[in-house]
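Construct the complete structure from the given sequences, taking the supplied hints into account.
For the record, the sequence lines run as chains A and B.
Numbered per my numbering, the first sequence spans residues 249 to 973.
Numbered per my numbering, the second sequence spans residues 249 to 973.
Hints are computed from structural coordinates only; laboratory data are not their basis.
A portion of the hints provided could be inaccurate.
Identical copies carry no separate label here, and so any pair may be met within one copy or between two of them.
What the hints assert, rightly or not - With a straight-line cut-off of 25 Å between C-alpha atoms, the simulated DSS-like cross-links for lysine-lysine are:
1. 878 x 890
2. 559 x 487
3. 859 x 583
4. 600 x 878
5. 396 x 626
6. 819 x 835
7. 957 x 859
8. 484 x 704
9. 583 x 749
10. 859 x 600
Here is how the chains run, residue by residue.
2 protein chains.
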Amino acid sequence: MTEQKTLSKALGVAVLAAAAGSGFPAQADEGMWMPSQLPGIAAQLKQAGFQGDPASLADLTRPPMSAVVSLGGCTASFVSPQGLVVTNHHCAMGAIQLNSTPQDNLIANGFNAATRAQEVSAGPAARVYVTTAFDRITDRILADARGKTGRAYYDAVDAASKAAVAECEQDAGHRCSVANMYYGTDFYLVKQLELQDIRLVYAPPEAIGNYGDEIDNFMWPRHSGDFAFYRAYVGKDGKPAAFSADNVPYQPPAYLAVSTDPVAEGDFAMLAGYPGTTYRHRMALEFAEQVQDTLPSRVDIYGALVETIEKAVDGDAEAQVLYAAQMASLENGLKRAQGELDGLRRSDAVDKRAADEAAMLAWFGRQPGAKAALADVKAAQALVAASHATSDRDTLFGLMRSQTQLLGSAYRLQRLAMERGKPDAQRENGYQQRDEVRIEAGLKQVQRRYDAGVEKAIMAELLRRYRALPADQRIAELDAVFGNDAAAATAALDRIYAGTKLGDADVRLGLLAAEPAAVLASDDALMQVAAKLMPAVLREEEVDKQRAGELLRLRPPYMRGWAGYSAANGKPLYPDANSTLRVSYGKVSSLDPRDGVHYTPLTTVAGIMQKHTGQAPFDAPQPLREAIAKGDFGSTADPVLKTQTVDFMTNLDTTGGNSGSPVLDAKGRLIGLNFDSNWEAVSASWMYDPRYKRAIHVDARYLRWLLAKVYPAPNLLREMNLPAE
Amino acid sequence: MTEQKTLSKALGVAVLAAAAGSGFPAQADEGMWMPSQLPGIAAQLKQAGFQGDPASLADLTRPPMSAVVSLGGCTASFVSPQGLVVTNHHCAMGAIQLNSTPQDNLIANGFNAATRAQEVSAGPAARVYVTTAFDRITDRILADARGKTGRAYYDAVDAASKAAVAECEQDAGHRCSVANMYYGTDFYLVKQLELQDIRLVYAPPEAIGNYGDEIDNFMWPRHSGDFAFYRAYVGKDGKPAAFSADNVPYQPPAYLAVSTDPVAEGDFAMLAGYPGTTYRHRMALEFAEQVQDTLPSRVDIYGALVETIEKAVDGDAEAQVLYAAQMASLENGLKRAQGELDGLRRSDAVDKRAADEAAMLAWFGRQPGAKAALADVKAAQALVAASHATSDRDTLFGLMRSQTQLLGSAYRLQRLAMERGKPDAQRENGYQQRDEVRIEAGLKQVQRRYDAGVEKAIMAELLRRYRALPADQRIAELDAVFGNDAAAATAALDRIYAGTKLGDADVRLGLLAAEPAAVLASDDALMQVAAKLMPAVLREEEVDKQRAGELLRLRPPYMRGWAGYSAANGKPLYPDANSTLRVSYGKVSSLDPRDGVHYTPLTTVAGIMQKHTGQAPFDAPQPLREAIAKGDFGSTADPVLKTQTVDFMTNLDTTGGNSGSPVLDAKGRLIGLNFDSNWEAVSASWMYDPRYKRAIHVDARYLRWLLAKVYPAPNLLREMNLPAE
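This is the structure:
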């Protein structure tokens, strides 16, 4: 995978004072630290090789941390005083695609603006977010929640968060959010300047920026030049503004210097970015559920759906095309789940977490006044277990809506009609006014993704699995529609799909435009099915929210146990990733992925030629091949390898969302951009295994060489104060 | 591939006195040396680390070389005074299969004879060949040939060789052959004792002996325990005899001691065995033809046949099964050709050979009396070029017989009937009395490999390609049968396949049993086609034999140039492999197969567990998994890695036929058995590239551990004088 965040979490930021003390991390180089924690681990940072002042890293609204920005899903950084931003090629892909024409295909050819005037808009939706404030507001968020339980606790936190965000966003040009740290223990208000005029400055051809594509995805050795440059513009008043020819480059509060020194195995490295989600501090019970049940189930059900679709489209070329995207997505999910499962087993994660938790709880139990907290932990475990007891059922019921096109459309039309009856702020997430464009796009594309025979086969398989569940997990509404056996399900599916007009795009879009009452009263067979199933969906959602609220109340005692235990053992604790700015540090590292195989930490242009076949994704452009053959690497050559490096590996702690993160050396200078992890590390969202966790970066020297010798951009090199060659 | 020889060459042994001098090999560790050459390179052997006396290796009929034996296609060695032989599991597969029953599947379960009485026959065809004489008879072989040219030269050499073999084989119990060294420069008479009562003593389960099978084939890291034990028996009189319960173990002239010392990167290693065929001393022109034409053509035509068959069997499950073996063979051939092509390009073989040859010829031209020799070289080049000019045509015409079942059968029936009219000794190779059993088996199995529609599609594709050749390459007989365009070919194929009864096994076997005259007069449509094409086949064969004879005369001057040039540069020259005993030396070596990847030279049991899936070919047997988990490795553990090793890699010079070759340490003790090469070395039959040529061996310590702890055979350990654990 590329490390672009694909999940966005509603809640989200803070530090446990107790944990931000001194001592050593649990595992060497593990940790996604909040900048405010760094002064607390100054000794380790220094020991690891950091040559700057850890205190200077503590405030993420001041240099150098303020040079690190979010693109929403990706990370980027300022590299000049004139708003020049560097990120991954794959993070700028939307902008590159948007500006491509049949006459000038920027994806294939790359883009190189010789002057500022030639820089092109990255599109109206492109954003650069610069964090301007980060304040702990735990008391404000929890004031109303305290004393409450369950859904009421959840609603109180939700209402206080929405109010804080609304108040913060009164300041024009800003976007605000509330970040939840340590699972409800602490809450932070994050305020970000929202730059809206973003322009594409430079991108290499895709055959460089995404060399190897899906084949090399997750793999090492890697040879991708995954970088691109943006520039952020603002109005003449210096404030965020939509695209205008009159706008001027934004002058950032800080920018990073690009290193001109070599990189070698064992060198100190650090990385700042916006990692999306990790599960490192989940309970031992949740680790066990994940490894023993959730992931094997996912492998099983995704595998069964792949097989079902394959069988249903066999010999039908048209249906094969219609379902190609859904198949690819299921196969990718299957591969990911299997990789995560293999990794967690290889790391013995279940037993390790169980042993660690047992030791923590034993310590916690000896602390004064821990009795109530331990009761809360027990209650949290019971809730998690209860939720897990019906997880197979809940997954199957969810897949009936997410893996079907027509039934899914019927459900979304019904739900939207229902939600439209409420004030926008009270509508369910995903059904607010701002979501309607996305819903419409989804309803339109059904035409390119639907075949009645295949959809019935998918439903038949999901219903077959549903019927095999214990009797007490049955959903009355589902049984009423589809009956209790295979014959009844087949008959119902035949009747329902014969009686629906939702296969017609005009009908679907007509229902989208219709009055809510008319939608709810539709006599279309599938619309009626969706209406009949709706109470079950709402009932499940209500149970989920009750549990989520209760866990928001019950998890903090568990986390306090960890914080205290860690502090007592001289080990600081970092919060799980939640899309807020984090820093990790470690070193340039080789990897022994399996018996007999050793991966060196630096790749070179020789590997580009070795992989080159002339066919995508291994079609190195001629100018690149000629430059490699010429061997003129100037100041960017590696002094030991005597050639041009391309990518390198570190043991830095990353996850999805870290795409584009600047990788810094001991002096805080940019030496690379993070763009992927290795396949062996796919389970790192749950457990950091130092034997296998690596992050993959494009070497800043490769970027400099491409700008100097292959697709020259002397203006950019000057702007970044870099040598011309 | 496993290094079992698949090609057997008719001619085949000698040393150029001039080249067996002193100096250094052309490339470090390159060379398949005749034992008689080893005293001449004693200095290099010593420098490389050999601790014995190189002179002791010179005579392959005396210890220790006489411990190394041929199984016919594989190499093996004696490891006890009681005729115990060790070779590869894959070399003993026939014997293992033969003794398997539904009740006791030795392939799956392995075999372990607790006593001599439990040893089972490896079958009537199993052989162990012990070389007892090796004499230079160049003058005798060439006496009648001198002064002749072309076919007459070939026939004189052939007749003298056959006479020498017949005379030699007067000594009962022996098999003799004439080996051709340096392409006709020298001839040796090889006399071998032919042991006929061979018994299976020990074999691990296939899931150990062939762990990884096709998936790991050619690959590193490797984790296969590819070994098995035989014992050779003789009559009570000590002479070769067919199986009899009364027979006694053969007492070999020598046996190898198995080392109990560790193996580590950089250690000296040497290997003795019977490598099949190499092309290292072919002319630069032949290198160019191979890379620029032969291999690309083979990739093209094999690819086209794969596609043709795929299309023809699409949607026909029965036809898919019938053609599975032929498809697998074509795909394997395609993969091999592509691998060889990639390797020769990576090694820049064409330009290197051209530069080396140009330097040699320039030197040669300055020698007294070289004029005639250089004229012969030119003549040889012209012959090679002439032969190559029609190679596409000849290949297509050959494929019409080898890639078809019914037309191929018709041709073989016609040819056999024709050859049966001659005395057996004068029949064409492949059609002598001893070949008839194989021909009958081939005719029987047509039933399981034939579909008329597919065969017509294959013929149509081959004819289409044939018609695209230049007009002067057309074969009149082929045009007469299949016409000059696609329509005519289709009509002819439809008519011919409608008019043949050869699809009926009884008809084919009836023709096999019939009198030659009746076969030649058959009115079956395909038999008539075969008869019409026969003159073209015979004409082509005659041209080939003329050229082969002429090249047998013309290549020696070219080789004399190389011998002189090499000697003048202090470099000894070894002859190309020809299934005679050779020795290579080098060291235990890691490999950097591509940018960013380093392969360590030793694998361990950890890799077996990493690969284990429970499904073949990665289904490590439970006793093995339990023993690995237990970690009780005793004296066989590696002192540095602190675990049990499995396989190791050296840079030894090997090719097909070297399977089972003993790998020896500096003291001449057995440290492993060769069983494969790495994928990067598939082009080594033409050029040894020290960056990529590696040989893969099973570690004798793994063998010892399996015998001590996993499938115990304490009797064998005692017999080999090895520790019990």
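* Asked: With identical chains treated as interchangeable, where does the CA-CA distance between residue 484 and residue 704 reach 25 Å or less: within a copy, between copies, both, or neither?
  -> neither (58 Å within a copy, 77 Å between copies)
* Copy assignment of residue 859 with residue 583, given that the CA separation must stay at most 25 Å -> both (24 Å within a copy, 17 Å between copies)
* Asked: How would you label the pair residue 583, residue 749 (within, between, both, or neither) given a Cα cut-off of 25 Å?
  -> Neither: 36 Å inside a copy, 52 Å across copies.
* Asked: Checking residue 878 and residue 890: alpha-carbon separation at most 25 Å within a copy, between copies, both or neither?
  -> Answer is within; shortest intra-copy Cα gap is 14 Å, inter-copy 46 Å.
* Quick one: residue 559 to residue 487, C-alpha cut-off 25 Å, is that within a copy, between copies, both, or neither? -> neither (57 Å within a copy, 64 Å between copies)
* To do: Indicate which option fits the pair residue 819, residue 835 if close means a Cα-Cα distance not exceeding 25 Å: within, between, both or neither.
  => Intra 20 Å, inter 48 Å, cutoff 25 Å: intra-copy only.
* To do: Classify it for me, residue 600 with residue 878: is the Cα-Cα distance of at most 25 Å met within a copy, between copies, both or neither?
  => between (52 Å within a copy, 21 Å between copies)
* To do: Since the copies are identical, ignore which copy is meant and state whether residue 396 and residue 626 lie within 25 Å (CA to CA) inside a copy, between copies, both or neither.
  => within (18 Å within a copy, 100 Å between copies)
* residue 957 and residue 859: within-copy, between-copy, both or neither at 25 Å Cα -> within (21 Å within a copy, 44 Å between copies)
* Tell me, please, which holds for residue 859 and residue 600 at an alpha-carbon limit of 25 Å: within, between, both or neither? => between (40 Å within a copy, 23 Å between copies)
Checked against the numbered hints given earlier, the structure breaks hints 2, 8 and 9 and satisfies all the rest.
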